[in-house]
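Undergrad: Here is what each chain is made of, one letter per residue.
2 protein chains.
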Amino acid sequence: MSEAEQVLQTARRGRTAAVTLAPLPRAAKDAALLVMADALEARAAEIVKANAEDVAAARENGTPESMIDRLSLSEERIAGIASAVREIADLPDPVGEVVRGSTLPNGLEVRQVRVPFGVIGIVYEGRPNVTVDAAALCLKSGNAALLRGSSSAYRSNTAIVDVLRDALTGTEVPEDAVQLVPGTSRDSVTHLMNARGLVDVLIPRGGASLIQNVVRNSTVPVIETGVGNCHVYVDAAADLDMAEKILINSKAQRVSVCNAAETLLVHESVAAAFLPRALAALKEAGVTVHGDERVRSFSGDVVPATEEDWSEEYLSYDIAAAVVPSLDAAVEHIRRYGSAHTDAIVSDSQAAVRRFVAYVDSAAVSVNASTRFTDGGEYGFGAEIGISTQKLHARGPMGLPEMTTTKYVVTGEGHVR
Amino acid sequence: MSEAEQVLQTARRGRTAAVTLAPLPRAAKDAALLVMADALEARAAEIVKANAEDVAAARENGTPESMIDRLSLSEERIAGIASAVREIADLPDPVGEVVRGSTLPNGLEVRQVRVPFGVIGIVYEGRPNVTVDAAALCLKSGNAALLRGSSSAYRSNTAIVDVLRDALTGTEVPEDAVQLVPGTSRDSVTHLMNARGLVDVLIPRGGASLIQNVVRNSTVPVIETGVGNCHVYVDAAADLDMAEKILINSKAQRVSVCNAAETLLVHESVAAAFLPRALAALKEAGVTVHGDERVRSFSGDVVPATEEDWSEEYLSYDIAAAVVPSLDAAVEHIRRYGSAHTDAIVSDSQAAVRRFVAYVDSAAVSVNASTRFTDGGEYGFGAEIGISTQKLHARGPMGLPEMTTTKYVVTGEGHVR
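If you read the sequences in order, they're chains A and B. So the first sequence is residues 17 to 433, counted in my numbering. So the second sequence is residues 17 to 433, counted in my numbering.
FYI, nobody ran anything at the bench for these hints, they're computed from the structure. Watch out, some of these pointers could steer you wrong.
[As the list claims (entries may be wrong)] In silico lysine to any residue, SDA-like type, Cα no more than 20 Å apart, as pairs: (1) B:K299 <-> B:S313; (2) B:K261 <-> A:V432; (3) B:K299 <-> B:R310; (4) B:K65 <-> B:N77; (5) B:K261 <-> A:N122; (6) B:K65 <-> B:N229; (7) B:K261 <-> B:G302; (8) B:K261 <-> B:R293; (9) A:K261 <-> B:E429; (10) A:K261 <-> B:E125; (11) B:K261 <-> A:E125; (12) A:K261 <-> A:G302; (13) B:K261 <-> A:G123; (14) A:K261 <-> B:G123; (15) A:K299 <-> A:S342; (16) A:K261 <-> B:D178; (17) B:K261 <-> A:T427; (18) A:K261 <-> B:N122.
The structure presented is a predicted model; accordingly, all values stated were derived computationally and were not measured.
Same shape as in the complex, but just chain A:
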């Protein structure tokens, strides 16, 4: 059988499983999740063994240590992954929620009810914990999962999915609710992107090139996630202590994530008061500043910013920095170079905040708070499948409700028009 046909068969099995899974009550889904969590712990040794082969192969290929760390599993890490599954079981079930409802003047009852999508394909990189996380979030929201992880984690993912599927055999959830997409070539992603009618939605999670490939070439509807060129704008009316704290936290608390700041914009009226201390604090945090001329006038450590720096998602200890003549210039810079993920203003001016919030067209706007808060866990969603940077369907952190669609149920007693 060709790889394309194998992928389509996997999708068809997912579709069949989805029919059974979609209307299952919460108790059945939670019971299955708990069995999955127990099985992960009970069979951790197997998973660690398969993972060790992936890690050894990655080392041989000269993979950098930071990537090796993301790929590596231990029994302790697996226990952590299992407890995340138990937390997902504890979350409320989005399915069946009546989103909107009314009785029309003619007596017809209209209810808009949350229902699962059906089959969700997740395309991701690196970390094998995403395999478990995505499977559990899909299952809890009543969706069959088609998991397409990185080829570098294929042995780990195969072992994990074997454990999860075995665990499901004793439950009401069909085991095809959790499937690994066969194949490790780029083509297997292409087959998934063309499985229109079998796959209801694709969610790519990973680097910019993976996401762009899926968004541009998929005929299956896509939810775009996560490229973050986030800005911190320090306004004329900013509390400069607060601004420094928010800047350093946004940039340096964790640099490899999409909600980390990548560009600092400073209003010219506070540039002389703020930039010397900000540049010193960034230096102390180990951050290299790529600045425009006015920023460079405050420190010899600042390297010259190129046009590319303004669009860069560094995901490293680097930040671009510019002085702007006004709030409107800051907004225009953000609209031009930003990725519409998260942008922050530090200001004590009500008028400035109101204008920034109104004109910055991003998934999240932080007011006097770190960009790092744009996260399903931080928002209290309990879990997230990713952060949408598109405007359709969901925008910002996506929790369980964002993994569903709705259906109108209209009930009458012989009503006609």
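Once you've looked at the hints, dock chain B against the given chain A.
TA: Same frame as chain A, but now just chain B:
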């Protein structure tokens, strides 16, 4: 300038207008809508004159009378279109609605607020009234509209858009909030579909081939609308008087619309009691039945159904009909051949209704009610831009809230992680 460049420039102007339009308060938008409505009436003669040229050209091309009727405008019809604009002005503004909000344990305030998409492209056929309707719905929801109507209505649409834009010059809404996409060739649609980053969402309204072209080839996110192969399933526990009334209304009240029924499924236990009267009633309504063998055994007027009939969206006085051995067989038929638009069950059995609602995966499920109710106006939305048959973003009739996205606004007082 190439046609592609002309289309992109139009999109760029829309983008600029959208920045001004998005944060405008309701009062400014409603004032503009009322000025537009007045202008349409005041300059109706101009529009009728341009329309007469389109109609003459269509007649010369041998366009059927039903299409000519859809294309034709009179001063009276324009008055009706203007009053629809005034009704849109009366509807609540979706923009600014706080969809979700909470204060996190750390004191951070999280608000999810409705905001406009930005620029919406509408690709449609035939009727020039859609030009006004789409422009008004986009404006009310804070979006700039790029209108790409049928080439057969190009003169009418040009005249209408001229009137609307002239009307906007005296208002707070920039005139580029309403633009006609230049060009009448198929290519101009292609350019629009590739204007990723300039156009936020495309909504195709029209026939199946138009919609499939846009859905499959657009890199701009699309909301798929409207193909309806709707079913009426008459259950074993149906009230047969009710079933007949709902069947005839669903099929014949208006045949050219997407929420009209195209297939009748009858449970075998009531086939002998229901089909003779149903076939007689359909005949009286002028409907040709394309039936399977069992349906044909009840009347010589039934023509044999081919495999294609089960998937057909007739939009005419035709209906496919089959006898099914069970409710589950009906559900399977609907899942296999349906378009997931609207499917109805007629049954007095609570268990049957519950199972049908749970397993039919369609945008709307009608219980003891005509399929014809799937409509924004009928649902009390006041207006609709179309009926989404996709699962992403919006599903079913789309009113003003469905023409918006959301933005998270997170407010702290120096909060860091």
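Undergrad: Hints numbered earlier in the text: which of these fail when held up against the supplied structure?
TA: 6, 15, 16
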